Amino acid sequence: MSKSGSSSPYYNFGQSLKVLREQANESPAEVAGALEADTKLIYDIEAGLTQPSEDIVLLLISHFGVKDKEASRLWKMAGYDQSLTGHYSDNNNSFELEIKNATQAINNPIVYTDIVQVNANRYGVIINFMQSLPGATTPMAISRVGMSREHALSMIDVLKSTINAIEQGAEKLAEVNTTKINSEKKNHKGNS
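Take the sequence shown: its position 1, counted from the start at 1, is 1 in my numbering, and no numbers get skipped.
Read the hints as simulated data drawn from the structure, not as lab findings.
There's no promise every hint is true.
To be verified - Dumping the calculated DMTMM-like pairs for lysine to aspartate or glutamate here, alpha-carbon to alpha-carbon at most 20 Å:
no.	residue 1	residue 2
1	Lys18	Asp55
2	Lys18	Asp38
3	Lys76	Glu54
4	Lys76	Asp44
5	Lys18	Glu30
6	Lys69	Asp55
7	Lys40	Glu22
8	Lys76	Asp55
9	Lys18	Glu54
10	Lys18	Glu36
11	Lys67	Glu54
12	Lys40	Glu26
13	Lys18	Asp68
14	Lys67	Glu26
15	Lys67	Glu22
16	Lys160	Asp114
17	Lys18	Glu70
18	Lys40	Asp55
19	Lys67	Asp55
20	Lys69	Glu54
21	Lys40	Glu54
22	Lys18	Asp44
23	Lys160	Glu150
24	Lys69	Glu150
25	Lys40	Glu30
26	Lys67	Glu150
What the hints assert, rightly or not - Now the in silico label distances, taken between C-beta atoms and shown as ranges:
no.	residue 1	residue 2	range
27	Leu49	Tyr112	34 to 44 Å
28	Asn164	Leu49	43 to 53 Å
29	Pro134	Asn12	19 to 29 Å
30	Arg149	Asp38	18 to 28 Å
31	Asn25	Thr162	36 to 46 Å
32	Ile110	Asp55	13 to 23 Å
33	Thr39	Arg149	24 to 34 Å
34	Lys76	His151	30 to 40 Å
35	Asp38	Asn121	17 to 27 Å
36	Leu159	Asn121	42 to 52 Å
37	Gly135	Gln23	43 to 53 Å
Here the structure is a predicted model, which means the values were calculated and not measured.
Where is the CB? At the ideal position from N, CA and C, for every residue including glycine.
Make a model of the complete structure from these sequences and hints.
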């Protein structure tokens with residue numbers, strides 16, 4: 001490598017990614033396919049020419065099954081710091097970070113989905129939440145979430161227990177409302 005490549009702020013991240021990729025015996029094209037990204041992006045990241053987005057860093061960590069300590073090191077090399085509530089780029093100054101954190105709470109809408117697409121491999125799971133739009137032939141992706149297999153299994157358990165609790169609570173609520181309605185009918189008939 002030339003010295004100019006090593007002066008890039010993301011050179012160390014790129015070299016670490018290359019080592020992970022080679023240890024997994026994968027080509028840049030295979031990694032790009034797993035991340036649903038462009039192969040050129042993987043080459044640019046490995047060369048340290050571009051800062052990977054937070055999504056790409058997260059997907060790479062999940063794809064290669066990187067453990068917490070190493071993952072934290074990768075986040076920092078990519079220009080992000082997980083010690084704060086959210087990730088931030090080294091390129092941001094503190095004022096921009098304050099604005100981002102202040103508006104993040106305001107700009108946190110709930111988005112509803114009617115289509116879910118799940119892609120998985122031995123390293124993790126990517127869930128694409130989509131919406132079908134009137135008149136559109138293909139659904140629009142509204143959110144993409146990547147996670148480890150273990151986290152996905154844990155999420156399934158949480159979803160099942162939450163939905164079961166709601167259904168049990170709804171049955172009890174229906175019983176209470178039915179009892180209340182029946183007693184009101186009896187009181188109304190008795191008063192007539």
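Hints not upheld, ascending by number: 29, 34, 36
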